[in-house]
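There are 4 protein chains.
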Amino acid sequence: MNVTALVVMDMLNSYDHDDADLLAKSVEEVVGPLAALIRQAEERDDVELVYVNDNHGDFAAGPAELTRRALEGRRPDLVEPILPPEGCAFLPKVRHSAFYGTSLDYLLRRKGVGTVVLAGQVTEQCVLYSALDAYVREFDVRVAADCVAHIHADLAEAAMRMMTCNMRAEAAPGEHCL
Amino acid sequence: MNVTALVVMDMLNSYDHDDADLLAKSVEEVVGPLAALIRQAEERDDVELVYVNDNHGDFAAGPAELTRRALEGRRPDLVEPILPPEGCAFLPKVRHSAFYGTSLDYLLRRKGVGTVVLAGQVTEQCVLYSALDAYVREFDVRVAADCVAHIHADLAEAAMRMMTCNMRAEAAPGEHCL
Amino acid sequence: MNVTALVVMDMLNSYDHDDADLLAKSVEEVVGPLAALIRQAEERDDVELVYVNDNHGDFAAGPAELTRRALEGRRPDLVEPILPPEGCAFLPKVRHSAFYGTSLDYLLRRKGVGTVVLAGQVTEQCVLYSALDAYVREFDVRVAADCVAHIHADLAEAAMRMMTCNMRAEAAPGEHCL
Amino acid sequence: MNVTALVVMDMLNSYDHDDADLLAKSVEEVVGPLAALIRQAEERDDVELVYVNDNHGDFAAGPAELTRRALEGRRPDLVEPILPPEGCAFLPKVRHSAFYGTSLDYLLRRKGVGTVVLAGQVTEQCVLYSALDAYVREFDVRVAADCVAHIHADLAEAAMRMMTCNMRAEAAPGEHCL
Numbered sequence: 009m010n011v012t013a014l015v016v017m018d019m020l021n022s023y024d025h026d027d028a029d030l031l032a033k034s035v036e037e038v039v040g041p042l043a044a045l046i047r048q049a050e051e052r053d054d055v056e057l058v059y060v061n062d063n064h065g066d067f068a069a070g071p072a073e074l075t076r077r078a079l080e081g082r083r084p085d086l087v088e089p090i091l092p093p094e095g096c097a098f099l100p101k102v103r104h105s106a107f108y109g110t111s112l113d114y115l116l117r118r119k120g121v122g123t124v125v126l127a128g129q130v131t132e133q134c135v136l137y138s139a140l141d142a143y144v145r146e147f148d149v150r151v152a153a154d155c156v157a158h159i160h161a162d163l164a165e166a167a168m169r170m171m172t173c174n175m176r177a178e179a180a181p182g183e184h185c186l
Numbered sequence: 009m010n011v012t013a014l015v016v017m018d019m020l021n022s023y024d025h026d027d028a029d030l031l032a033k034s035v036e037e038v039v040g041p042l043a044a045l046i047r048q049a050e051e052r053d054d055v056e057l058v059y060v061n062d063n064h065g066d067f068a069a070g071p072a073e074l075t076r077r078a079l080e081g082r083r084p085d086l087v088e089p090i091l092p093p094e095g096c097a098f099l100p101k102v103r104h105s106a107f108y109g110t111s112l113d114y115l116l117r118r119k120g121v122g123t124v125v126l127a128g129q130v131t132e133q134c135v136l137y138s139a140l141d142a143y144v145r146e147f148d149v150r151v152a153a154d155c156v157a158h159i160h161a162d163l164a165e166a167a168m169r170m171m172t173c174n175m176r177a178e179a180a181p182g183e184h185c186l
Numbered sequence: 009m010n011v012t013a014l015v016v017m018d019m020l021n022s023y024d025h026d027d028a029d030l031l032a033k034s035v036e037e038v039v040g041p042l043a044a045l046i047r048q049a050e051e052r053d054d055v056e057l058v059y060v061n062d063n064h065g066d067f068a069a070g071p072a073e074l075t076r077r078a079l080e081g082r083r084p085d086l087v088e089p090i091l092p093p094e095g096c097a098f099l100p101k102v103r104h105s106a107f108y109g110t111s112l113d114y115l116l117r118r119k120g121v122g123t124v125v126l127a128g129q130v131t132e133q134c135v136l137y138s139a140l141d142a143y144v145r146e147f148d149v150r151v152a153a154d155c156v157a158h159i160h161a162d163l164a165e166a167a168m169r170m171m172t173c174n175m176r177a178e179a180a181p182g183e184h185c186l
Numbered sequence: 009m010n011v012t013a014l015v016v017m018d019m020l021n022s023y024d025h026d027d028a029d030l031l032a033k034s035v036e037e038v039v040g041p042l043a044a045l046i047r048q049a050e051e052r053d054d055v056e057l058v059y060v061n062d063n064h065g066d067f068a069a070g071p072a073e074l075t076r077r078a079l080e081g082r083r084p085d086l087v088e089p090i091l092p093p094e095g096c097a098f099l100p101k102v103r104h105s106a107f108y109g110t111s112l113d114y115l116l117r118r119k120g121v122g123t124v125v126l127a128g129q130v131t132e133q134c135v136l137y138s139a140l141d142a143y144v145r146e147f148d149v150r151v152a153a154d155c156v157a158h159i160h161a162d163l164a165e166a167a168m169r170m171m172t173c174n175m176r177a178e179a180a181p182g183e184h185c186l
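If you read the protein sequences in the order shown, they are chains A, B, C and D. To convert, count from 1 in the first sequence and add 8; that's the working numbering. To convert, count from 1 in the second sequence and add 8; that's the working numbering. To convert, count from 1 in the third sequence and add 8; that's the working numbering. To convert, count from 1 in the fourth sequence and add 8; that's the working numbering.
Honestly, I wouldn't trust all of these hints.
Which copy is meant is left open, because identical chains are indistinguishable; a pair holds if it fits in one copy or across any two.
Keeping only pairs whose Cα atoms sit at most 25 Å apart, straight-line, the calculated SDA-like set for lysine to any residue is [claimed, not checked]:
id, residue 1, residue 2
1, 33, 123
2, 119, 64
3, 119, 148
4, 119, 37
5, 33, 175
6, 119, 12
7, 119, 65
To be clear, the hints were calculated from the coordinates, so they are not data collected in a lab.
Starting from the given sequences, assemble the full structure and let the hints guide the process.
What follows is the structure, encoded as C-alpha cells:
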C-alpha cells in the first residue's frame with residue numbers, strides 16, 4: 009500500500025502577529041476547501057493525517073493548549089472548521105519547517121508514506137520550507153493549491169513555481185490530492 | 009550566564025511493559041532524590057528544567073495525556089512525586105534518545121545551555137543514548153547518579169563507565185549536580 | 009570573538025546539467041567578486057572559509073575528485089578562480105541544502121560561528137535553502153549579493169526577498185560581508 | 009530486493025591516539041575476517057559497502073587523505089588489508105556515530121537498505137553508538153561479531169549485550185552476516 013500523508017501546517021493560529029490581517033484574508037478563502045480535504049483524509053485508510061503546528065515559543069504547550077489558544081484568538085471562525093480530529097497525530101514544531109525539531113520524518117517513514125500533501129499556512133514560508141525538507145528526503149510532494157494561504161501573493165506565486173519547477177512538486181486542487 | 013539544563017527522561021510511565029517490575033524496583037530508590045532535584049531546578053534562575061518523555065507510539069498525545077496515562081498506570085506512587093511543574097518544557101519523544109525527533113537540541117541552544125544534567129530512566133538505555141547525543145553535540149554531560157533508574161544493574165554499571173570514560177561525563181549525586 | 013563563516017556553495021560544477029548555460033551566464037558575472045571575497049576570507053583570522061559542494065550522486069568522491077571533475081568540465085574558466093585553498097574545510101553534500109546530510113552545523117558551532125555569509129550557486133535553490141537551514145538554527149545570515157548566481161532571474165529576486173524579509177538575512181556586496 | 013549495507017567504521021586509523029595499543033591488539037584478530045567480509049560484500053549485487061571514518065578534526069580531508077595518513081601511521085599492517093576498494097562509498101564523519109553529521113541515513117534509504125551490518129572499531133564506542141542510531145531509525149542491525157575491535161573487553165561485552173538485548177541486533181560471525 010502506497011500511503012499518502014496530509015500535513016496540515018500552522019492552522020492553529022490566534023492571528024495576533026504581524027501581517028495577521030493579510031494572512032487571515034487569504035485563509036478565509038482556503039478554510040472551506042481545507043476542511044473538506046481534512047474530512048476526506050479522515051475517511052481514507054491509506055491516508056495519514058498529521059497536524060504540525062508552531063508552539064510559538066512555548067515548549068510546555070501540547071495539542072490541547074495550542075488548540076485552546078487558537079480558539080481564544082482573534083479569528084476562531086478560521087480555526088473551528090479545521091480543528092484536529094480526535095486521535096489525530098499532532099506535532100508541535102519550533103521553527104518554520106515541519107521537519108525541523110519534530111518527529112515528522114520518523115512518523116512518515118514508520119507509516120510507509122511515499123507522498124506528502126501539504127496544506128495550511130504560509131505558502132511562501134512554512135509550506136515552501138517543508139516542501140523542501142520533504143523533497144531532500146525524497147518524498148513525493150503535492151501542494152493542495154486551494155488549501156494553502158499566503159501573506160504576499162507575489163512571493164506565494166514564486167514559492168509555487170519553486171516547488172513545482174525545482175522540487176518536482178505537483179500542485180493540484182485539494183479534492184484531487186488524495 | 010552559563011545555563012544548565014536538567015533533563016528528566018521517561019518518568020511518566022504506566023509500568024505495564026516488559027521488565028516493568030525490575031525497573032520499578034530501581035525507580036523506588038530514585039524517586040525521592042529525583043523529586044528533590046526537580047524542586048531545586050525549579051528554584052534556580054540559571055537552570056532549565058525539561059521533561060522528555062516517550063509518546064509510546066501515540067503521536068496524538070501531548071503532556072496532558074501522557075501525564076494522565078502515567079497516573080492511571082500501575083505505579084502512580086512513582087509518578088506523583090515527579091509530576092512536571094506547571095509551565096515546564098515538555099517534549100514528547102518517539103524513540104530512545106531524548107534528541108532524536110525532538111526539539112531538545114534547539115531548545116538547549118536557544119536557552120544558552122552548556123551543561124546537560126541527565127536524570128530518569130533507563131540508565132543503560134535512554135540515559136546512555138541521550139548522554140551520547142549530548143556529547144556528540146559538545147554539551148558537557150552530568151549524570152545525576154542517584155536519580156537514574158535501571159533494569160539491569162550490570163548493564164547500568166557498564167553504561168555509567170561508558171559515559172564517564174568515553175563521553176567525559178561527570179557522575180555525581182543529584183544534590184551536587186546543579 | 010564573534011566568528012563569521014563564508015560558505016561557498018556548489019561552485020565546483022562541470023556545467024553539463026540542464027540549465028547549465030543559463031547558470032554559467034550568471035556565474036560569469038559573479039566569479040570575480042566571489043574570488044575576491046574568498047581571498048579576503050583567507051586573510052582573516054576571524055573568518056572560517058567552508059566549501060560545501062554537491063557530490064552529484066557519487067558517494068566515493070572527496071574534495072580532490074570533485075575539484076578534478078569541475079576542472080575537466082565545460083567551463084574551467086568559472087572554476088579556476090574559485091578553487092578551494094589548500095587546507096580549506098570542504099564538505100561534500102548530497103542534496104540541496106548545505107546543512108542536510110553534512111557536518112556543517114557541527115563545524116559552525118565548534119568554531120563559534122554566529123554569522124553565516126552565503127555565496128555561490130544557485131540563488132533560488134541551494135542558497136535559499138541553506139539560508140533557511142541557517143536561519144532555523146538561529147545563525148545570522150548574510151547573502152553576498154554579487155557573489156550568488158542564478159538560473160531564473162525572477163525566482164532569484166523572489167528568493168532574495170524571502171531571505172531578507174522572512175529570514176532576517178542581510179544582503180550586501182561581497183566586499184562588505186566580512 | 010532487500011538490500012543490506014556493510015558499514016566499515018574507523019578502520020583508517022594511524023593508531024597514535026590514547027589506548028591505541030590496546031585497540032591495535034584487538035584489531036590484529038579482527039583484520040583477517042573483516043578483509044574477507046569486505047571482499048564478500050564487493051562481490052554481491054545486493055550489498056552496499058560503505059566506509060565511514062573519522063576525519064580526526066580535519067574538515068579538509070577526504071578519502072584520499074584519510075587513507076594516506078592511515079597508511080603512514082604506526083600500523084600500516086592493520087590498514088592495508090582493509091583499504092577501501094576503488095569507487096566505494098566513503099563518508100568522513102566528525103563525531104562518534106556514523107550517522108551524526110554524515111549522509112549515511114540518506115545513502116541507506118536511497119539504496120533501499122533494510123539491514124545494516126556493522127564492522128570495524130570500537131565495539132563499545134562507535135559501533136555501539138552507530139547501532140543505536142540505526143536502530144532508532146528502524147533499520148535492522150547486525151553486528152559482525154568477529155569483525156569488531158575493542159579497547160576494553162568488558163565494556164565491549166556489555167555493548168554487545170546492549171545491542172542484542174535492547175536494540176534487537178543480531179550478532180553473527182562475519183561470514184554469516186551478508
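Each hint tested on the structure:
1. 33 / 123: neither (29 Å within a copy, 36 Å between copies)
2. 119 / 64: Answer is between: at 15 Å across copies they meet the 25 Å cutoff, but 28 Å inside does not.
3. 119 / 148: Answer is both; intra-copy 15 Å and inter-copy 17 Å each pass.
4. 119 / 37: neither (31 Å within a copy, 39 Å between copies)
5. 33 / 175: between (28 Å within a copy, 23 Å between copies)
6. 119 / 12: For residue 119 and residue 12, the Cα distance is within 25 Å both inside one copy (9 Å) and across copies (21 Å).
7. 119 / 65: This pair counts as between: shortest inter-copy Cα distance 11 Å, intra-copy 29 Å.
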